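Got chain H sorted already, so can you dock chain D onto it with the hints?
Protein chains: 2
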Amino acid sequence: ALAQAAADCFENLLLTGRHVLITAGPTQENIDPVRYITNHSSGKMGFALAEAAAEAGARVTLVSGPVHLPTPDRVERIDVVSARDMLAACEAAMPCDLLIAAAAVADYRPEVVAPHKLKKNPANGEGMLLQLVRNPDILATLAKRPDRPFCVGFAAETDNLLEYATRKLLDKNLDLIIANDVANPNIGFNSEENAVSVIDRQRHETRFDQASKGHIARQLIAFIADRYQ
Amino acid sequence: ALAQAAADCFENLLLTGRHVLITAGPTQENIDPVRYITNHSSGKMGFALAEAAAEAGARVTLVSGPVHLPTPDRVERIDVVSARDMLAACEAAMPCDLLIAAAAVADYRPEVVAPHKLKKNPANGEGMLLQLVRNPDILATLAKRPDRPFCVGFAAETDNLLEYATRKLLDKNLDLIIANDVANPNIGFNSEENAVSVIDRQRHETRFDQASKGHIARQLIAFIADRYQ
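Chain order of the listed sequences is H and D.
Residue numbering for the first sequence follows our numbering, starting at 5 and increasing by one per position.
Residue numbering for the second sequence follows our numbering, starting at 5 and increasing by one per position.
Simulated from the structure, these hints should not be mistaken for lab results.
Every value quoted in this text rests on a predicted model; they were computed, and no experiment measured them.
Since no wrong hints were added, every one of them can be taken at face value.
For chains that are exact copies, the list does not tell them apart, and a pair is met inside one copy or across any two.
Calculated cross-link-like contacts (lysine to aspartate or glutamate; reagent style EDC-like; alpha-carbon spacing at most 16 Å):
#, residue 1, residue 2
1, K148, D179
2, K124, D175
3, K121, D185
4, K123, D111
5, K123, D141
6, K176, D111
7, K121, D163
8, K124, E167
9, K123, E167
10, K148, D101
11, K123, D36
12, K124, D36
13, K172, D204
14, K123, D185
Just chain H, same shape as in the assembly (with noise of 0.2 Å):
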């Protein structure tokens, strides 16, 4: 009796049976084998997301760029450091039911790796000329194939939130957006708490108020399955 409670609870989470990958972090871009670029993303959005689809009855694949923090009870993680390593670890876990991508990935690196620590030179008078490009677009990329997921973006912006957000969110043919304000020194990047907006292909948008990453990531969770189902 007690194990079929248990079944039927277990049937009753709202992702039962459903392989859930979530990108969390930052990525590294170095420059050489000292310096690197990167950006504030702490990955706590993205882990809270993880623990939640646990949570949910969700497999829980989570590839995570460099981080300080613990790995969600019943969550595969996954760590890598640059975009192009995160790109790999995501399609080497495919397939997926629902892609989450609440990592912070660098949009450019350097175009060269120096293998060496570059050193100060005084012919360059005080200037140092780095040439950046493109990374590859993992949320894109994956979208694009043909055992694509359900789509789960972020919009991590310091202005014209909803506008880049909608932007994104039809350029990359995503399922859905999460628009996070990221200039609110309260919420977002490095932060305990967070509010979002999440933006539907009708361009509809849900709020979600102030609240801890782990209390926003259930609910998001709950919204995210609710849409996919």
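Same frame as chain H, now just chain D:
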């Protein structure tokens, strides 16, 4: 009798009555509100030196870039982000008797910090040019002051370690330089152990074999205190 014994013991400490200023960790140089340039310094060596200097009886000021480390006992810690912040914090902490510059200060920063998150610009095609300018040299700046302390630098190099370290010692007018081979993954950045050579103005090299950063730090503080006196 106990008070006298304690006083005798305290008087025998190598750095009693000395003010030691230590820099540690990386610096972060913003590209825009989201992106920045940094390096792989964990701050562990500088924090271990601060702990060892405090144990040796010194008053310790630790100026640290962004790291994930607890503050050692009896150490005054000042957190900074950029190289220019670090220089200002060090200048505010002067005068000191001993300066140990263990921070991996970014040599370059973006010339312009964009006030808003930079957008990918299709007109740029696949690339972006980032103009970098030189940061102030914290150690050389402090070594030029009329109240110049005894100056100990670090040379973290991947190649030609002793040659570059000796050149840095002479160029920056230091008293000692600690040479650190960061190309060896067992020691240096982000590892728990280190192995270093200390070079003095007579170009004499003293080697400290691989050990925990705490052990190396205590050996280095004893060596530095001996040379300072």
